[in-house]
Amino acid sequence: MATAEINLFNYKDFIPASAHYVEPVYTAPKHYEAMKARHPDAILLFRVGDFYECFANDAKDVSEYLGLTLTRRSNGNNEFTYLAGFPHHALDVYLPKIVRKGRRVAICEQLEDPKLTKKLVKRGIARS
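Note that our numbering has the sequence shown beginning at 1, numbered continuously upward.
Derived from the structure by calculation, the hints contain no laboratory data. Be aware that one or more of the hints could be misleading.
[Claimed, not checked] Within a straight-line C-alpha distance of at most 27 Å, the following computed DSSO-like cross-link-like pairs (lysine-lysine) qualify: (1) K36 with K101; (2) K97 with K60; (3) K101 with K60; (4) K36 with K97; (5) K60 with K30; (6) K36 with K60.
[To be verified] The calculated label-pair distances, taken between Cβ atoms and stated as ranges, are: (7) T71 with R103: 18 to 28 Å; (8) N77 with K97: 12 to 22 Å; (9) N77 with K101: 26 to 36 Å; (10) N78 with R100: 31 to 41 Å; (11) G102 with N77: 32 to 42 Å; (12) G49 with F80: 16 to 26 Å; (13) K60 with A90: 12 to 22 Å; (14) N78 with G102: 33 to 43 Å; (15) N75 with P40: 13 to 23 Å.
Backbone N, C-alpha and C define an ideal beta-carbon position, used for all residues, glycine too.
The task is simple: from the sequences and hints, build the whole structure.
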């Protein structure tokens with residue numbers, strides 16, 4: 001199969017799984033940490049609106065693999081975390097590049113429309 005024709009759902013290192021819902025914790029960063037704890041060996045692509053975002057060491061790796069800008073987000077108290085991301089519609093372009101680096105990927109999707117809730121959006125690992 002040619003590189004441009006990779007079917008993500010048949011790719012050997014990217015196996016579809018049913019969404020595993022994790023009860024939201026108080027903030028999106030805490031929710032990210034809870035999801036990452038369940039998949040510590042994988043790059044976690046965390047859906048936030050129209051983007052997939054990575055944080056901390058995953059952000060450093062993804063920015064290197066994909067040539068994305070690595071930014072920092074303040075955590076308060078003069079602390080920060082690294083952040084890198086890309087638009088959701090670019091997943092088919094970027095995902096194979098991460099996998100070709102020998103990395104597993106866990107994709108955390110929004111399980112409800114953020115416009116329809118005033119609470120933290122429910123998310124779950126839809127594919128890993």
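Quick check: which numbered hints come out false for this structure? 8
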